[in-house]
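Here is how the chains run, residue by residue.
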Amino acid sequence: MCGQCILHSTGMVCPMGCPKTLRNGPCGGVRSDGNCEIKPDMKCVWVRAWDNSTQMAVFTESIQDIQPQLDRSLSGTSAWINELGKKNDE
Amino acid sequence: MTNKPVSNLAQRLEKGLFTVTAEVTLPDSIEKEALVARAKMLEPYCDAINITDSTGAVPHFSNIAAASILIENDIEPIIQFSCRDRNRIAVQADVIGAHAMGVRNIFCVTGDGVQTGDHPEAKPVFDLDSVTLLTTINHLKTKGKFLSGRELDAKPDLYLGAAVNPFVPPFEQRALRLLKKQKAGASFFQSQYCFDIERFETFLDRLMELTKGSPPPLLVGVGPLRSARFARWLRENVPGVAVPDSIIEKIEKYPRKEQQKAGVEACIEIVETIKTLTGVAGIHVMAYNWESSVSEIIEATGLSKTARNI
Chain A
1 MCGQCILHST GMVCPMGCPK TLRNGPCGGV RSDGNCEIKP DMKCVWVRAW
51 DNSTQMAVFT ESIQDIQPQL DRSLSGTSAW INELGKKNDE
Chain B
1 MTNKPVSNLA QRLEKGLFTV TAEVTLPDSI EKEALVARAK MLEPYCDAIN
51 ITDSTGAVPH FSNIAAASIL IENDIEPIIQ FSCRDRNRIA VQADVIGAHA
101 MGVRNIFCVT GDGVQTGDHP EAKPVFDLDS VTLLTTINHL KTKGKFLSGR
151 ELDAKPDLYL GAAVNPFVPP FEQRALRLLK KQKAGASFFQ SQYCFDIERF
201 ETFLDRLMEL TKGSPPPLLV GVGPLRSARF ARWLRENVPG VAVPDSIIEK
251 IEKYPRKEQQ KAGVEACIEI VETIKTLTGV AGIHVMAYNW ESSVSEIIEA
301 TGLSKTARNI
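Residue numbers (the working numbering), protein chains in the order written: chain A, 1 to 90; chain B, 1 to 310.
Calculated directly from the structure, the hints in this document are not laboratory data. Note that the coordinates shown come from a computational prediction; the quantities given were computed from them, not determined experimentally. Glycine residues also receive a C-beta, built at the ideal position from the N, C-alpha and C atoms. One thing to keep in mind: the hints can contain errors.
What the hints assert, rightly or not - Computed far set for chain A versus chain B, every beta-carbon distance over 10 Å:
(1) Q4
(2) I6
(3) C14
(4) A57
(5) L84
(6) K86
What the hints assert, rightly or not - No farther apart than 30 Å at their CA atoms in a straight line, the calculated lysine-lysine pairs in the DSSO-like style are these:
(7) K43/A <-> K183/B
(8) K275/B <-> K212/B
(9) K183/B <-> K86/A
(10) K86/A <-> K4/B
(11) K86/A <-> K145/B
(12) K212/B <-> K86/A
(13) K15/B <-> K305/B
(14) K123/B <-> K43/A
(15) K261/B <-> K275/B
(16) K4/B <-> K305/B
(17) K4/B <-> K145/B
(18) K141/B <-> K257/B
(19) K183/B <-> K15/B
(20) K4/B <-> K123/B
(21) K145/B <-> K123/B
(22) K39/A <-> K123/B
(23) K261/B <-> K305/B
(24) K275/B <-> K15/B
(25) K253/B <-> K212/B
(26) K155/B <-> K141/B
(27) K183/B <-> K40/B
Said to hold, decoys possible - Sample of chain A residues facing chain B (criterion: CB under 8 Å; computed from the structure):
(28) M12
(29) M16
(30) P19
(31) K20
(32) T21
(33) R23
(34) P26
(35) G28
(36) E37
(37) Q55
(38) F59
(39) T60
(40) I66
Construct all of the structure, not just a fragment, from the sequences and the given hints.
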């Protein structure tokens, strides 16, 4: 749980499931069968994210958004509460 | 802000001149000489030399030290930074230190997982990914500030590059990913080994379409295969390197002793094709532990510095 949920822009596939926790797209190490470089038995998170995002009715283009550096201090907290807190501050 | 190119590499690519870069294999040496000797074998043939960042998750000669040594020897480095071993604090500290040593070209990659190398017990960092590595360094470059907002005494002169791998899935996303990296601050690109021209052309067509015929400078990765056995090893052990059966079969037709020559010839053939493609800015030669083959490939394809600068 990163506390900064971006599932809508990753085809609803959690990027923190990537062993390198990549949030901006696949690395160059994806295997030719589409599986992960580090976990050969697991489908690459970003191969799944790309497939899913193209099938979504909304937010299809959001996978192109540049995601900022992750705030590691929010790890383990609720993204909903963090988001609402941000709105309150505004 | 000045528009003067910050490096020889930047100048060539901005002018649209066909450019050759090469990767030097960093020796496991505690002195400078071995590195300098290898770099000097490449220097007559290329415009800048890539210094890897403990590639393959195997500790090698420090990239910043190696780049400084090249600069001392009047050779322009492209220093690679990966996300595997440095968090955002170390990245920013190292970038400004490298700048002070004269480094201008910085190439940002995700980096191989620690499982790939000879220290699989190590803790992988990946605080940043290749895109946020670019945005972090680009922030230093354009704002003259750390991510925290703390100011540097000046803005560093940097030319940022990024990697692209059109040869592994998700294929349809690779051109878009390149453009995302451009938006994040990358001015030039170097690709993973190209052994599959058809796959590359499909990628390039898509990139040309997305950029309306004006892609950012892209150097295509090439390299000789020493033997059919080496090709299989590369395919199985180096993440992200796709070696089609057809090229292995082509080399395997020859007896073991002649395979080295066949590998160089196959590479020359690929370079000849790449030279004819519109939208390609040059080549990036990776001849792992085989620097002597670079001269042969470059001479045979008419890409020596003298030939290119006529």
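Outcome of the hint check:
no., hint, result
1, Q4, "holds, 12 Å"
2, I6, "holds, 12 Å"
3, C14, "holds, 15 Å"
4, A57, "holds, 19 Å"
5, L84, "holds, 25 Å"
6, K86, "holds, 19 Å"
7, K43/A <-> K183/B, "holds, 28 Å"
8, K275/B <-> K212/B, "holds, 20 Å"
9, K183/B <-> K86/A, "holds, 26 Å"
10, K86/A <-> K4/B, "violated, 42 Å"
11, K86/A <-> K145/B, "holds, 25 Å"
12, K212/B <-> K86/A, "violated, 39 Å"
13, K15/B <-> K305/B, "holds, 16 Å"
14, K123/B <-> K43/A, "holds, 23 Å"
15, K261/B <-> K275/B, "holds, 21 Å"
16, K4/B <-> K305/B, "holds, 22 Å"
17, K4/B <-> K145/B, "holds, 21 Å"
18, K141/B <-> K257/B, "violated, 50 Å"
19, K183/B <-> K15/B, "holds, 21 Å"
20, K4/B <-> K123/B, "violated, 41 Å"
21, K145/B <-> K123/B, "holds, 29 Å"
22, K39/A <-> K123/B, "holds, 16 Å"
23, K261/B <-> K305/B, "holds, 23 Å"
24, K275/B <-> K15/B, "holds, 17 Å"
25, K253/B <-> K212/B, "violated, 42 Å"
26, K155/B <-> K141/B, "holds, 6 Å"
27, K183/B <-> K40/B, "violated, 35 Å"
28, M12, "violated, 16 Å"
29, M16, "violated, 11 Å"
30, P19, "holds, 6 Å"
31, K20, "holds, 5 Å"
32, T21, "holds, 5 Å"
33, R23, "holds, 6 Å"
34, P26, "holds, 6 Å"
35, G28, "holds, 4 Å"
36, E37, "holds, 4 Å"
37, Q55, "violated, 13 Å"
38, F59, "violated, 15 Å"
39, T60, "violated, 12 Å"
40, I66, "holds, 6 Å"
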